[in-house]
Every structure is written in C-alpha cells, then in structure tokens.
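Number of protein chains: 2
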Amino acid sequence: MAKPKKTPRPKAETPKGFTDYFGSDVTQRKEMLDGIAAVYHRYGFDALESSAVETVEALGKFLPDVDRPNEGVFAWQEADDNDKGDWLALRYDLTAPLARVYAQHRNDLPTLYRRYAMGPVWRNEKPGPGRFRQFYQCDADTVGTASMAADAEICAMLSDTLEEVGIPRGDYLVRINNRKVLNGVLEAIGPREDQITHDNVLRTIDKFDKVGEAGVRELLTKGRLDNSGAFIDGVGLSEDQAAPVLAFLTSKAADAAGTIANLRAAVGDSKVGQEGIAELEQIGELLTAQGYGADRIVIDPSVVRGLGYYTGPVFEAELTFEILDEKGRKRQFGSVAGGGRYDDLVARFTGQKVPAVGISIGVDRLLAALRAKGRVSREGQGPVIVTVMDRERMADYQAMVSELRSAGIRAEVYLGNPKNFGNQLKYADKRGSPVAVIQGGDELDKGVIMLKDLILGAQIAENATLEEWKERPSQFEVARGDLVARTREIIESHS
Amino acid sequence: MAKPKKTPRPKAETPKGFTDYFGSDVTQRKEMLDGIAAVYHRYGFDALESSAVETVEALGKFLPDVDRPNEGVFAWQEADDNDKGDWLALRYDLTAPLARVYAQHRNDLPTLYRRYAMGPVWRNEKPGPGRFRQFYQCDADTVGTASMAADAEICAMLSDTLEEVGIPRGDYLVRINNRKVLNGVLEAIGPREDQITHDNVLRTIDKFDKVGEAGVRELLTKGRLDNSGAFIDGVGLSEDQAAPVLAFLTSKAADAAGTIANLRAAVGDSKVGQEGIAELEQIGELLTAQGYGADRIVIDPSVVRGLGYYTGPVFEAELTFEILDEKGRKRQFGSVAGGGRYDDLVARFTGQKVPAVGISIGVDRLLAALRAKGRVSREGQGPVIVTVMDRERMADYQAMVSELRSAGIRAEVYLGNPKNFGNQLKYADKRGSPVAVIQGGDELDKGVIMLKDLILGAQIAENATLEEWKERPSQFEVARGDLVARTREIIESHS
Numbered sequence: 003m004a005k006p007k008k009t010p011r012p013k014a015e016t017p018k019g020f021t022d023y024f025g026s027d028v029t030q031r032k033e034m035l036d037g038i039a040a041v042y043h044r045y046g047f048d049a050l051e052s053s054a055v056e057t058v059e060a061l062g063k064f065l066p067d068v069d070r071p072n073e074g075v076f077a078w079q080e081a082d083d084n085d086k087g088d089w090l091a092l093r094y095d096l097t098a099p100l101a102r103v104y105a106q107h108r109n110d111l112p113t114l115y116r117r118y119a120m121g122p123v124w125r126n127e128k129p130g131p132g133r134f135r136q137f138y139q140c141d142a143d144t145v146g147t148a149s150m151a152a153d154a155e156i157c158a159m160l161s162d163t164l165e166e167v168g169i170p171r172g173d174y175l176v177r178i179n180n181r182k183v184l185n186g187v188l189e190a191i192g193p194r195e196d197q198i199t200h201d202n203v204l205r206t207i208d209k210f211d212k213v214g215e216a217g218v219r220e221l222l223t224k225g226r227l228d229n230s231g232a233f234i235d236g237v238g239l240s241e242d243q244a245a246p247v248l249a250f251l252t253s254k255a256a257d258a259a260g261t262i263a264n265l266r267a268a269v270g271d272s273k274v275g276q277e278g279i280a281e282l283e284q285i286g287e288l289l290t291a292q293g294y295g296a297d298r299i300v301i302d303p304s305v306v307r308g309l310g311y312y313t314g315p316v317f318e319a320e321l322t323f324e325i326l327d328e329k330g331r332k333r334q335f336g337s338v339a340g341g342g343r344y345d346d347l348v349a350r351f352t353g354q355k356v357p358a359v360g361i362s363i364g365v366d367r368l369l370a371a372l373r374a375k376g377r378v379s380r381e382g383q384g385p386v387i388v389t390v391m392d393r394e395r396m397a398d399y400q401a402m403v404s405e406l407r408s409a410g411i412r413a414e415v416y417l418g419n420p421k422n423f424g425n426q427l428k429y430a431d432k433r434g435s436p437v438a439v440i441q442g443g444d445e446l447d448k449g450v451i452m453l454k455d456l457i458l459g460a461q462i463a464e465n466a467t468l469e470e471w472k473e474r475p476s477q478f479e480v481a482r483g484d485l486v487a488r489t490r491e492i493i494e495s496h497s
Numbered sequence: 003m004a005k006p007k008k009t010p011r012p013k014a015e016t017p018k019g020f021t022d023y024f025g026s027d028v029t030q031r032k033e034m035l036d037g038i039a040a041v042y043h044r045y046g047f048d049a050l051e052s053s054a055v056e057t058v059e060a061l062g063k064f065l066p067d068v069d070r071p072n073e074g075v076f077a078w079q080e081a082d083d084n085d086k087g088d089w090l091a092l093r094y095d096l097t098a099p100l101a102r103v104y105a106q107h108r109n110d111l112p113t114l115y116r117r118y119a120m121g122p123v124w125r126n127e128k129p130g131p132g133r134f135r136q137f138y139q140c141d142a143d144t145v146g147t148a149s150m151a152a153d154a155e156i157c158a159m160l161s162d163t164l165e166e167v168g169i170p171r172g173d174y175l176v177r178i179n180n181r182k183v184l185n186g187v188l189e190a191i192g193p194r195e196d197q198i199t200h201d202n203v204l205r206t207i208d209k210f211d212k213v214g215e216a217g218v219r220e221l222l223t224k225g226r227l228d229n230s231g232a233f234i235d236g237v238g239l240s241e242d243q244a245a246p247v248l249a250f251l252t253s254k255a256a257d258a259a260g261t262i263a264n265l266r267a268a269v270g271d272s273k274v275g276q277e278g279i280a281e282l283e284q285i286g287e288l289l290t291a292q293g294y295g296a297d298r299i300v301i302d303p304s305v306v307r308g309l310g311y312y313t314g315p316v317f318e319a320e321l322t323f324e325i326l327d328e329k330g331r332k333r334q335f336g337s338v339a340g341g342g343r344y345d346d347l348v349a350r351f352t353g354q355k356v357p358a359v360g361i362s363i364g365v366d367r368l369l370a371a372l373r374a375k376g377r378v379s380r381e382g383q384g385p386v387i388v389t390v391m392d393r394e395r396m397a398d399y400q401a402m403v404s405e406l407r408s409a410g411i412r413a414e415v416y417l418g419n420p421k422n423f424g425n426q427l428k429y430a431d432k433r434g435s436p437v438a439v440i441q442g443g444d445e446l447d448k449g450v451i452m453l454k455d456l457i458l459g460a461q462i463a464e465n466a467t468l469e470e471w472k473e474r475p476s477q478f479e480v481a482r483g484d485l486v487a488r489t490r491e492i493i494e495s496h497s
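Those sequence lines, one after another, are chains A and B.
Counting in the numbering used here, the first sequence runs from 3 upward without gaps.
Counting in the numbering used here, the second sequence runs from 3 upward without gaps.
Hints in this document: simulated from the structure, not taken from any laboratory.
Fair warning: there could be bad hints in the mix.
Identical chains blur together in the list; that is why a pair holds if it fits in one copy or across any two.
Stated by the list, open to error - Derived pair list, reagent style DSSO-like, types lysine-lysine, alpha-carbon separation capped at 27 Å: (1) K13 to K128; (2) K432 to K273; (3) K18 to K329; (4) K212 to K128; (5) K273 to K128; (6) K224 to K254.
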C-alpha cells in the first residue's frame, strides 16, 4: 500500500494585501463610523446594507474579451450543474451597489431615496505599502433629484461630519468644482478635438499643482523640459487654444463671486460651461445662506481628481494641516472624501436617467489623520485583572470579577496557569490593565484584598524618588467589601 | 464596418442567496451587536477584525482532488504572471480566521488571547427560503488556557449577553455537554467499533428528540418502522451495547448532581468519559458559585449538534419560548448560539496544541427572535420634512432644517420637484415623518409656520369623530421662532 502523502502545514498568513485589525484599531474606527452615521441620520438619510457580493454584470466591470472578469475586482464563477453559472464579485465601492439596489427596489423606495452605507469594499489591485485590498468606505447619496439643493446639502453635511468626528474648522476644506465647467473649457479650446486630445488636456490639468501655470502652458502647447532634463512632449495646442484652460486653472479668486466671474470668462459661450457655472453659483448661494463660508467650503477649479462617472458638481474634502510622512518630511494630509453628481448610473439598468448625488468618506485615511493629530480617544483601557493565588478558590475570584463587571468595570480573572505569579502580572501589563487584585490566604483570613495600581506603579518605577515611592504606595490593602469602590477610585485617578 | 454589438442592459438583482437590508433592519442589528460587544468587552475580551478574505489553505477547506476548492466556500484563484496564484476564499466563520490570526501573531499577543469578533461570513450553499449565503456572526474566544474556568466564564457571559440584548431570564437556557462524555459512551459500547458504527451511533443520538428512547433503542439495534411505514435499518448493536447510549441520552435529572451521577453510570470506566464528567462538574460548580442556577445554565446530554471540531465541553443557547411559524403553527424558537472547546485548530498551523474555547452567536436568528417577541426598539422615526412652498426660498427652508438638526432633531428639506404639494406630503408619509413644516407666502408675511402632526393626522383620519377632529387639530400655526420647541413637543407626544 502506498504511504498516504503527508499534507504540509498550512501557512498562517493573511493573503497579500490584506491585514488584521486589533483592539483599538477596531474600536476607534467603529467610534468614528458611529459619529458619521449619526450626522447622516440626522440629515434624514436611512441606513442600507447591501450584500458584499454582486453579479459582475451588475457591477459593470465586465470585460467581454477576457476569460475571467477580474480586472480590478475579485471575481469567480458560480458552479452550477453544467458549470456555466453567473460570475460573481466582491463590491469595489458602495455606489455601484446603490445603483443596483435602487434599480431593483425602486417601486418600493421613496421617490427620493436618501441612504447611507458603510462597510468594507475590495479592490483586486497590486498591494503596496499602506495600500490594502480591503478597506472601509462610508457613503451618503440622494437619488432622484436634480436639485442643486441636494448637492449643497451634501457639502454642508460633509463639513458637519468632519467636525463631528474631530477635525476642527480651519483644519479642513470642502472644495467644489463642476464637471460641466471643465467640459465647457474643453469646448472653448475651439473646434471639438478628438477624445485623445481631451484626455491629454485633462491629464495635464491634473499636473497644475506640481508644475504651475507656466509648466501647464508648456505642456499644453509645445512641450517641456522637466527637472531631470527629460523632454516631455506637449499636447500640441496653440497658445490661443491653451488660453481658456489656463484661465480656468487660475480662476480661483479671493471670493466665490470673483471665481465665478473668472470661470465665466474661461468657458466663453459654451452652453454646458455656463450651465455648470450657474450650478456652482446656486450651490454657493445656498451654502452662504446657511452660514457655510469660505473657511469651510470653497469653489475651487483645481478639483479634477476622480471626475470619472460624475456628470455635474464634484466635491472633495481636504485636510489642510501638515503631518510628517514616514521619512519625517512635512506634507499636506490631503483628501479624505470625494463625491459628486452622477446622473447615468441607474440608467445602466433601467434605461431611464435618474439624477443622483453623493459623497464617499475614505474612512481609513480619515482615521489615520485623526490619529496623526492625536484626536482619537486614547488607547482603550485593559481589564482589571483578578489574580489567582489559590487555584482551589477560583469561584471566589470569579465572584470578584462579577462584582466589578456589574458595576460596569471591565474585569477578568487570570485564566492561565496561576503557578507563577510573575506571569500573571506580566499578563496584566501586556493587557494594559489599570489594577491587579490579589487575595492570598493571609488576605482572606483578614477579610481584605490587595489592590495594585499598575499605572502608578509603572510611573513610579520609571521616575520616582525614594521619598515619592514611600509616600505613594502603588499597592495597598483594602477591605474586601471595598473592592469596587476602591478599584473605581484608582481607575478614575488616571483618567 | 461591422456594427458594434449592443450590450444588453444588466439585470438589477442581488445574486441568488444574497439580500439587502434597509433602514431599521440595519440599525436594529447594529444596536444588538453594540449590546453584545459591550458585554464581551466588559468581560475583558478585545476586538479583532480579520480580513474577510483568507487563503483557502488557511481556511482548511482544501479538497486536493477538485479543480476548484469551492465546496462550501466562495473561492477563486489569484491571477499572477503565470496564472498559478494562491486560491483565496471568503471566510465561512470567525473561528478558522482566529486560529490563523493566533498562529500568525502569537509572539505579539498576550499569553491568553481573549478576543471578540463580529461581521459577515459567507457560505457557498444552495440558498433556500430564509437561508442566506451571507450572514452575521458574533464570537468570543479565549485562546491559550485549558482551565475549565474559561469554559464556565463563556457560559456565564452568554447568559449575560442574552439578557443584555433583551431575552429575559426564563426565555432562554444555556445547555452544556461534553464531547469527551460522548466519546466515553462510544467506548462503553464495548470493544472499539469502527468509525462508521460510531458515526451511525452519533447520527442516531441526534434523532432522540424526534423518536424518543424506544425509537433510538430500535435504531441502535435491529431497526425500526417509521411513521410512513418504511423500514429504517438499525446500527446493529446488541441490547447490551445500546444500553450505555440510552443511559446517556436519558441521564438528565432534576438537578446537576443527579445528571452527573447518571452520566457516570453511562460511561462506566471509560477514562475519557470520566474526564469529561469531571470537567462538567467543575464548570457546574463554578457557575453555581457565581449564582448561575438551573434557570439559566444546565448540563444537558442531548446537546450533540455541531460537535464537529470540538474536543471537550460544548454549549448551546436555546430560546425556550414558542413562536408561530410561517404556517401559523407553534414551535420552539430553538438555538441562537453555540460553542465549545477546540484544542486542535491552532495546531494545524504550528504543530503545537493550543487549548481554546469560544462561543458564536447567530446574530440574525437572535434578531429574528427579538422581533418575534416585539423586543426591538420600534421602527426608527423618519425625519421631519420641511416642505417647499416657494422654490426661490430654498435657503429659508434649509435654515429651518439646520435649526432642527442643531437641536438634535432628524430633519430634511423636500428636495424633489416641489410643484405638487401632495407629492411632498406623500413623501413625508412614505418616510414615516412625524411632522411636516409648511411656510408659504401668507405664513411668511405673518412670521409664522404651519406644523402638521402627521402621526396624529393619520390616527384622526382613521378613527376620529367629528368632535375629536375639531378638538385636536393635527395642523396648527406657530411663531417661526418656536419651530424647534413646538416640533419637539409633537415628537415627544408620540414617544
């Protein structure tokens, strides 16, 4: 008989690009999501949790020429009897599922469907440092209205949300642009250019932050020598054609009215451009009337990122403070949320255009920002550890943790091998426990317990003089009946 | 040139076996999960959120003989350069990922790792009515101790958790058994039988609830005619061999001591059986000392379900009240949580046994139970709707919702086409709004607003007499400055 092949041990590893979140990583994110949901809810949005799995068809990432439609998404084919099942995939954002949900349930939903959603999304991309293939998004969308009041509301809500979770006014800016204005600028270049030129113009606009006005001018026309000495080909526009693009990029003025006037000049008599400017004006007026000034929300023509499926106004929330990157260099934190108006997504399913506008907050980036600024609640406190001095008296120790828990104090009895007392204290230390409770035979006879203030103990060990050490003992005896009251005292003395 | 093929519209459908959750479906579950997490946290467990995606290898569902290892899980192969990437899969529970996490991070984790986790899991099974392929679990586990105090604690915590989320004492029972006792019974059958006989015995034990003692006796021995007249083959044991199994099944006595004595007789001198009984005794003593009596937690030899990878004590929480099923028949609600001790899961990765014990709550079933008993918070209230009487005055209406929101009142301005006022009220109705706010030109001139109490209005419309109608107007004029105060009054009058 052949020897059975020995199965090698499986590797204990997260798949590439995935990660695990421990303790306060989880609870801090939850706290932030709760804060965001509270604002969204107060604004009248209802919760929606769609399934993590969608048909590839519904997601719209179907590439008919490839065997497996897994470009950008994690996809697999359902196995049915003749192995010709549907292709399914993990959602890559929360907007595509919303379009599917709205199309599927539109007869049961209110005429305006206002929903918020939060949860993980998955991207089948090459993972990089700090770039994960599973991450959280938190979205709010209003489906079913073309009113600019909905767009203004989304911007106001985004501003309120950032302040709610701990980004103070002045540390962020919601910037608004309009895809239609950009289209107007492209029209103003002159006779409609082919798509490739438009794409090249858009790509060049995106470099404005890096190369400035003069650089963009060169790149739009004859080309440019970059810092390394390499020559970058130009788009090939004439100076006249480049003019509206440059006017657009430099249209930001001291106030909204000034910016609007500049934009109006940039788009010339392009109808779509004028329409976009009128929309920006409306949004601006509504926000101003509600007291959202330029310290919170501004019209900013340089917002071009992620214009993909947007058809009108686009928004971006940027954190304006500087942080130190991994190499210790100062840099702007940058964007933490983006959104806009997309009027074509539902039409994919139903053939009818349904106007919609929404925002998506990059939860993990926002959380990283809050951490960088020290604005998340401090490390969650570990449990009080009731140590085990006599393993026959486990029930007594359990009674102590029960009392503590009933009083709302996080507590546990040491459940490992109690033989080595040092290991129990090491465990308490590893858990970040504030207090260890000790009751051996002597204490039992006297009706007392020892409480060890572990936070004070650590402070004393680190920097106390002998006098301080004597004056502030970190370990003391209290009556058994005072367990809860005295433990609470210690915990509160450190909060 | 060939005509481009027209792409048919995608179907707007959730994949088979998946579903979407709307509004209070989402918030009620969230509230329940928050309640469970609070108890787990108070007991000293830390949060863990592992990735939804694992390698198939780590999940341990690898079937070497099939092309695609997707039996029971949703799996796909990573595409790398030569198309020979890892097989990845969605997690099917939260325990297998815990074993992987513990094995991967064991050097950084405390010697006892106590974690809770909650989130969706996925099963690639044929969907059926009410059976979904994505559902929530909520687990707590202690890894790294063989102490029965950990098992007792899990049972106590499960009891506390059920009460915390709204299942009162008396409406549930945590039942404990021990896999080792069952193994002892199998030993007591006589000379070690082959695996198939053991499996058949286990399957027969599982039918005890249905066919009773006499039925099991027949099934274990010579076979049995079932109700339909069909003959079911017996396992083929002798009466003597069947005796310990029947003694085991009927060992439940009026109190724990009685049950233990009966079990002791059933396992005879099987060492593993006696060990299991000693463990049950220890757990029982610890729980009794903490005041968890037979009204909450009992030793019950009929708990055999899901003994799969368990190696010692097993637990099950059952709801004991009756509900009406879809056909109006009374039935026990049944199990909402299960768990036990599993000492071999981490060893798959490391080769070293790591004792562990945990519990998993079936969140969706528990929520269904709470709903069936009317014990979830009532339908979340819709937002106050500020109607739009004059579309030029949108900023005024936005100012009203801002005031309401600042006062913590959920509110929104109607963002659809305001032309038809009836549609605005229909929308408010569909959203479950408590109040509609109305201000046309007349009201504006007088410095007032109209408040429409929509809940009262609905009640009056349904059953009021003419007198009542006159006495309790559901719509009245208030000063503009009283918007917040009077709106709050109306909302509070209905809560």
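Right, here's what the structure says about each hint:
1. K13 to K128: within (21 Å within a copy, 30 Å between copies)
2. K432 to K273: For K432 and K273, neither the intra-copy (66 Å) nor the inter-copy (38 Å) Cα distance is at most 27 Å.
3. K18 to K329: Classified as within; 24 Å inside a copy, 49 Å across copies.
4. K212 to K128: within (25 Å within a copy, 54 Å between copies)
5. K273 to K128: neither (42 Å within a copy, 54 Å between copies)
6. K224 to K254: within (26 Å within a copy, 91 Å between copies)
Figure legend: structure checked against the earlier numbered hints; hints not met, in rising order: 2 and 5.
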